[in-house]
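Student: Chain residues, written in single-letter form:
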Amino acid sequence: MDKELDIIIIGGGIVGTAIARELSRYQLDVALVEKESDVGWGTTKANSAIVHTGYDPKPGTLMAKLNVQGARLFPSVCEELDVPYKRLGSLVLTPDEEGFKVLEDLKEKGKINGVTNLEIIKQEKLFDLEPNLSRDIKGALWVKDTAITSPVELAIAFRENAQENGVRFILDTTVVGFDLEGKRIKSVKTDKGSIRAKWVINAGGVYSDDIARLAGDDSFSITPVKGEYALFDKEIGSLVRRVIFPLPTETTKGILVLPTVDGNLLVGPNEHITTKDDTNVTEEGLKQVISFVKREVPSLPLNMIITVFAGLRAKELNRKDFVIEPSPVVENLINVGGIQSPGLSSAPAIAIYVAEILKDRGVELNKKKHFIPERKAIPRFANLSWEERTKLIAKDPSYGEIICRCEYVTVGEIVEAVRRGANTLDGIKFRTRAGSGRCQGGFCGPRLIPLLSQLLEISPEEITKKGKESRLVIGETKR
Amino acid sequence: MKEIKTDIVVIGGGPAGLAAALRSGEAGANVILVERDFELGGILNQCIHTGFGLSLLGVELTGPEYAETFIEKVLSLSNVKVLLSTMVLDIKEKTVYGVNKKDGVVAIKAGAIVLSMGCRERTRGALGIPGERPAGIYTAGSAQRLINIEGLMPGKRIVVLGSGDIGMIMARRLLLEGAEVLGVLEKLPYPGGLTRNVVQCLEDFGIPLYLNHTITEIRGKYRVEGVIAENLLTKERFSMDVDTILLSVGLIPENELSKKIGVRLDPRTGGPIVDQYRETNVDGVFACGNVLQVHDLVDEVTRESYIAGEGAIRYISGKRRVEGIINLRPGENIRYIVPQRLSLPVDSPPYIYFRPQEPFVNCQIIGKSNGREFTLGSYEYARPGEMIKLRLKRELLDSSLDIEVSLVGEKE
Ligand SMILES: Cc1cc2nc3c(=O)[nH]c(=O)nc-3n(C[C@H](O)[C@H](O)[C@H](O)COP(=O)(O)OP(=O)(O)OC[C@H]3O[C@@H](n4cnc5c(N)ncnc54)[C@H](O)[C@@H]3O)c2cc1C
Ligand SMILES: Cc1cc2nc3c(=O)[nH]c(=O)nc-3n(C[C@H](O)[C@H](O)[C@H](O)COP(=O)(O)OP(=O)(O)OC[C@H]3O[C@@H](n4cnc5c(N)ncnc54)[C@H](O)[C@@H]3O)c2cc1C
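Residue numbers (our numbering), protein chains in the order written: chain A, 1 to 479; chain B, 1001 to 1412.
The following block holds chain A by itself, in its conformation from the complex (with noise of 0.2 angstroms):
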């Protein structure tokens, strides 16, 4: 890319999609690089998908207020962007008398950070709104106004309208260093060339203290943590109706069990200082997040797991806080770093921030006069009414033909997917949910290969599970 952008994010997380759809409002060319081949793997899609509501983080920090600005922002990102958001509200519980003290400190908490609709309740209004919890447990903090979402397709709907709105994403390029000139960066190195732009934005997750620090900046410092967790099958979806936490400590707010916006049920994350890479399910580990949530739902049936996952959280141990702010050494980077829980209910507010550090360091915001700020989802075959799939059908027969026969998915919706960027498995099981129901794939894995190799003009040896080696077939049978 021979011309100068404006900008440069670093990293396509649900941080920096939604700094570029943030971006896409005003007059600037702006480019994303992201290392894999498609926006949303990192921690990005291995996390709770809470939108927490802002009662914890310790007042005064940076992170209590963008939290709760992102979370007021949330409803109305999601409506505009055509992405699930469910306001299920969420239980603290206390499993002794002891705990409501910490449940009064919360509501407090909650209180001086901004946070409304929270109430104490005991155990027959518990039971009342969860009948399957455990009865020894004595009350809870009812905290109303806590949603769930779906993380990875916000990445994807932030890309989709960035894009529409003139960001451009270069997928599967990895920042591999700086060139500077005294103290401002003049173009980003990566594995496929350099770029050249007047700011770069780093949000690169767990890699955003290395990235700093390939430009010299090391004012701080990731410490990858681990979180591990259980999906299971929607049969038990609604075992809980409520995101379910147990007292908080100190460092994190525990393991849960919670409803998906897809109707599965997740238990998880513990929490275990690890490397940036690994992403590794331990036996220990599994255990140890059913075996904490068996005590307060005793019903948790063991032999409904579909699958397991872990994510990292990217946490700054010194100052316990996002770090957000002009690099100290660079003049043109800006870090988003530190971004742990809650990054995500946070996203949509910490992208408007960065745009107010731009426009304070001089860059001029001027709105674009045709931003669309609608984007709309792939319709989704299985949601739909008898009605609304005959007229879907009768208009593309393509939606009467189904692929994945847990989620029902239809070979309409893969097409679609592909022609909005999809190219790899995962990337199709994002967008349409083919493949992560309680086959896993089995069904409908050895039939996607021949369609997606067809779709994208390449052979099935090129098409891969998620990007780089993931190659699932080696060529063809000797026949």
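Incorrect hints may have been included.
Said to hold, decoys possible - Derived DSS-like pairs (lysine-lysine); straight-line CA-CA distance at most 30 angstroms:
no., chain 1, residue 1, chain 2, residue 2
1, A, 468, B, 1221
2, A, 192, A, 3
3, A, 395, B, 1092
4, A, 234, B, 1101
5, B, 1109, A, 391
6, A, 287, B, 1235
Keep in mind that the hints were calculated from the coordinates and are not lab data.
Assemble the complex: chain A is given as a structure, and chain B with the ligands must be docked to it using the hints.
Tutor: Structure of chain B with the ligands alone, referenced to chain A:
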């Protein structure tokens, strides 16, 4: 929405659905057979090895050949209509809702329903195998489809986890396709599938079978780069340099539709609880084939499905009456029994199908009712991987009280 009325609707066009449609069609009923794939035959289409039909047809055929025998007969009946590429998504009372490209949504209102949707494979998630989640992990049946239908090779160096029949068959298939098969790991002390497959697929080809072994970790971020295997007896661990893992760790009857209309399932089989006509607890709803119990031999699937087809005919012609129920209970050393109950009156003592809990030698099958015991059969070997079928004795039915079937013998 296109609305159709018929006497009997059969869901699933594998060997089970074909046999049920054939039997009820031959009896003159109007039948609609609904299949989600573009062709009839079910799982048989990807089973290009021989080993089908010996007991029922007296010849050894490949899967597709066996299916073809029945497809031809079904298609020759003008009162049986086949809807291909049509997936059933919902059932409400006796109306079955499907979708396809041509008609859009089809609602079929029927007098009786036969469930013959087959089964799906257990996956890695169901086992909770720890480690990374790279490409190169396939269930054995998916790999079979990939190789035999799509003509694509999943990998070069293979380990098979679980010694189910499909896993053993695929170990051989991959070897013949030029892959290196490092072994089949089985966590139990005995193989999960048929003895015939242990001999013909593994031993004859020098593929090692590691009993009492499992995989404790999967390596590789993008593509499988190896596994850690563990000997469960000695706790010894070793790594295996593979790029592909095939899972053959069990089949689960596909009963999501059945549950929607309130069909009760037997936790031991994962399939519906049925009587000797293969009728479920829901009036006029029948089940047969792998959706009812996971079979090892297609011949028995066909036989069982004839019974369901006849049952559906009996139901729509108003001849069915139920004057009482006898429950059949698995006793000592018996994993499950199908049918789970008998509707009275019982015309002639029916066949029952069951599997032992573990492998036994020199054993006898005992039926007990009302304090009386009868020996129903004697076997030199009884193994969980091989379904046993025998006929109940008239005397057991005399009292109209529940019957318990158990096995006595020496552990193998
Ligand atoms: C277990 C767990 C549970 C959580 N639960 C919640 C919750 O319920 N609610 C909530 O609000 N928050 C939650 N969070 C926090 C939330 O998930 C994160 O804050 C958020 O996903 C961070 O997004 P990100 O964009 O900063 O990081 P990421 O999603 O990791 O994105 C960073 C991106 O940068 C890319 N990248 C890195 N290096 C390079 C490079 N050199 N070149 C190019 N690209 C690069 C990566 O590939 C990646 O896609 C949770 C986190 C964890 C781990
Ligand atoms: C790999 C393998 C190897 C085998 N090897 C042998 C062997 O060597 N010898 C032997 O005798 N037996 C063998 N068997 C056993 C035997 O073939 C099976 O038990 C038999 O095919 C089961 O028949 P079925 O009709 O119940 O199920 P299937 O063959 O699975 O048929 C079920 C059908 O229902 C359709 N269906 C499901 N849901 C829906 C829906 N919602 N709407 C519409 N259609 C639907 C499916 O597409 C499928 O066509 C083998 C089985 C397997 C899996």
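Student: Now look at each hint and say whether the structure bears it out.
Tutor: Checked hints:
A hinted pair counts as satisfied when its Cα atoms are at most 30 angstroms apart, and residue 468/A with residue 1221/B qualifies at roughly 10 angstroms. About 16 angstroms separates the Cα atoms of residue 192/A and residue 3/A, which keeps this hinted pair within 30 angstroms; it holds. At most 30 angstroms may separate the alpha-carbon atoms for a hinted pair to count; residue 395/A and residue 1092/B meet this at roughly 26 angstroms. At roughly 27 angstroms between alpha-carbon atoms, residue 234/A and residue 1101/B fall within 30 angstroms of each other, so this suggested pair holds.
Pair hint residue 1109/B plus residue 391/A holds up; C-alpha atoms about 21 angstroms apart against a cutoff of 30 angstroms. For a cut-off of 30 angstroms, the pair hint linking residue 287/A to residue 1235/B stands: about 19 angstroms separates their Cα positions.
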